[in-house]
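**Q** If you read the protein sequences in the order shown, they are chains A and B. Reading the first sequence from the start, the letters are residues 3 to 255 in the working numbering. Reading the second sequence from the start, the letters are residues 1114 to 1432 in the working numbering.
Be aware that one or more of the hints could be misleading.
Stated by the list, open to error - Some chain A residues judged to face chain B by a derived CB distance under 10 Å, without partners named: (1) R175; (2) G176; (3) R177.
What the hints assert, rightly or not - Negatives, chain A to chain B, calculated, CB over 10 Å: (4) M3; (5) Y4; (6) A66; (7) F67; (8) S85; (9) P87; (10) L89; (11) P93; (12) R94; (13) I188; (14) A232; (15) L247; (16) V254.
Read the hints as simulated data drawn from the structure, not as lab findings. Since the model is a prediction, treat every value here as computed from it, not as a measurement. Cβ coordinates follow ideal geometry from the N, Cα and C atoms, glycine included.
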Amino acid sequence: MYLWKYWRESRITFSIGLVLIGLLFWALHVHHVGPPLQGSRVRAQYNPDQIYMIVAHVLTLPLAFLALRYGSFGVGRDLNEGSGPFLFSRPRERTFFVWSDWCYGMAQLLLLVLAANLVVVFAAHRIAAESGPTFIADGSLSLLSIFCVNCVTGLLLTASMFSLTYFCSVLTRGRGVTLAVGVIVIYSIAGAVVNHYWPTITLPDLMLTGFSVSHSMIISFTDGLGRSIALRGALAMAFPIAAQLLLKQRDVD
Amino acid sequence: MTESTRNDLAIETHALHKHYGDIRAVDGLEMHVPRGAVYGFLGRNGAGKTTTIRVLTGLARADGGDMRVLGLDPRTDSVAILQRTGLVIEKMLIPSMTGNDLVRFNRGFFPRWSDAHAKKYAEVLELDMRRKFKKLSTGNRTKLCLLLAMSQGAELVVLDEPTAGLDPVVTDQLLRVMVEDFTNEGRTLFLSSHHLSEVERIAEWVGIIDHGKLLLEGRLEDMRANFRRVRVVGEALPLAARPEIVSANTGEGTTEYVLRSDADAFTAQLISQGTTVLDVTPLNLSEIFLEVVGTGSISNRNARHVIMDPAAEAGSMQL
């Protein structure tokens, strides 16, 4: 029953996500919006792997915005609306509410990330089919491996945004989106400042880049990709754990 | 206190403390609520009623002392307590849900939930279950909160100011429903309020809290039987020295005592000293409350006036 409550809160955002993905599908597949496939310099410069890689990377931004919205649902919303005492007087541990929210939100975000990547990978397939098999051979990575890594990096970004906002919503009792955006902006500015004064130090980018492209246009996984994924995964998990600890300590009013 | 006595108490606190900074919201609370009783928990605004309920139900953490709810400790067994307790505290449910949605939502949490009861209460209380909670009036919100709390088959129902903001007709409906369902089924109703006439109408036991301390606790009928106001004319009268005196006010040649017990012996002693006793009158709950919370001239706020110890009462019932 509790998941049903979360679904009621998030269904409009989930629907918006699906509509956006549908529009992307419509643009890429029905109207063939994108680089011209025949007799173009684009064809000469990029292969479908790279196009997919770039489009999928760009796609994570609107997904990240949806994730911010997702983070405002659940317990934080109830605390904001004054229904916290009602919710927390249901016979369940507070941990149950936090992890139910988080798991269900992540499940929806996973579906959106997968759907968005599938739409783009189909477009890349179409480009490959129309422009000949030689393009695929240009890349050092298969489309499937790029798809998998893009899904993981996209999911990690949305998970980080979602988890951060969720924690902020619990912390501030409902003004989580504002605080989370503030944290992200401050982190970005801090990254630029650090990079300016200490060029050798680089703060980890929130948006994980899974691939690097060599001068000869060969795509490969970035160095230390596994470590970067683990770091961001830990970050995404840290916030719900913090929210859980916070709620355990806090009086509900 | 013996284990059997403890088992006969729905709620029990000992030296319970809850502080917010320098404010002692609950300050050494000693309370005993017998199982199966309708217990009126009375106090002024800010006396500590809501904080006590929050602590007892695990919504707030106690800073010290012991407590038991249905024989369990809220600090470690809050889920088990909440499974057996219906709670109406803020009268704020999930705003976007209708009454039917809230019934559906709530049902999954309580194994003893009764749809039949929910339907009955919706009819009795004339509730439109298809309207969203946020679009309901204050009275209907309260009714819906009560419906949910009473349909979950709870052994103990804790209501914090259930009639606040309600018109007399709705208040009457609610009180009738509560009395019918609780006095007949042997469940415990813990009712916090400062509407004394309502509590007087339904409660068997009363506890009066002020500044976080329980000043008076006992059976309502015992309070009515023992509390007396005595007006006398005379000189060299006793003031605060005697334990049965709750308050003593002197003015215009007369002295007015409020006694919590032994009024007959007290007046007999005064008469034997040559004092003229003008009248001896019983007090209603409202008057008792006003005296106990400190409007009397010598009221002692640190004293706990126990008319009848519920723990002892429960023990004797057990025997």
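**Q** State for each hint whether it applies.
**A** Status of the hints after comparison with the structure:
no. : hint : in the structure
1   : R175 : 13 Å, violated
2   : G176 : 12 Å, violated
3   : R177 : 17 Å, violated
4   : M3   : 3 Å, violated
5   : Y4   : 7 Å, violated
6   : A66  : 26 Å, holds
7   : F67  : 22 Å, holds
8   : S85  : 5 Å, violated
9   : P87  : 5 Å, violated
10  : L89  : 8 Å, violated
11  : P93  : 4 Å, violated
12  : R94  : 6 Å, violated
13  : I188 : 31 Å, holds
14  : A232 : 34 Å, holds
15  : L247 : 14 Å, holds
16  : V254 : 5 Å, violated
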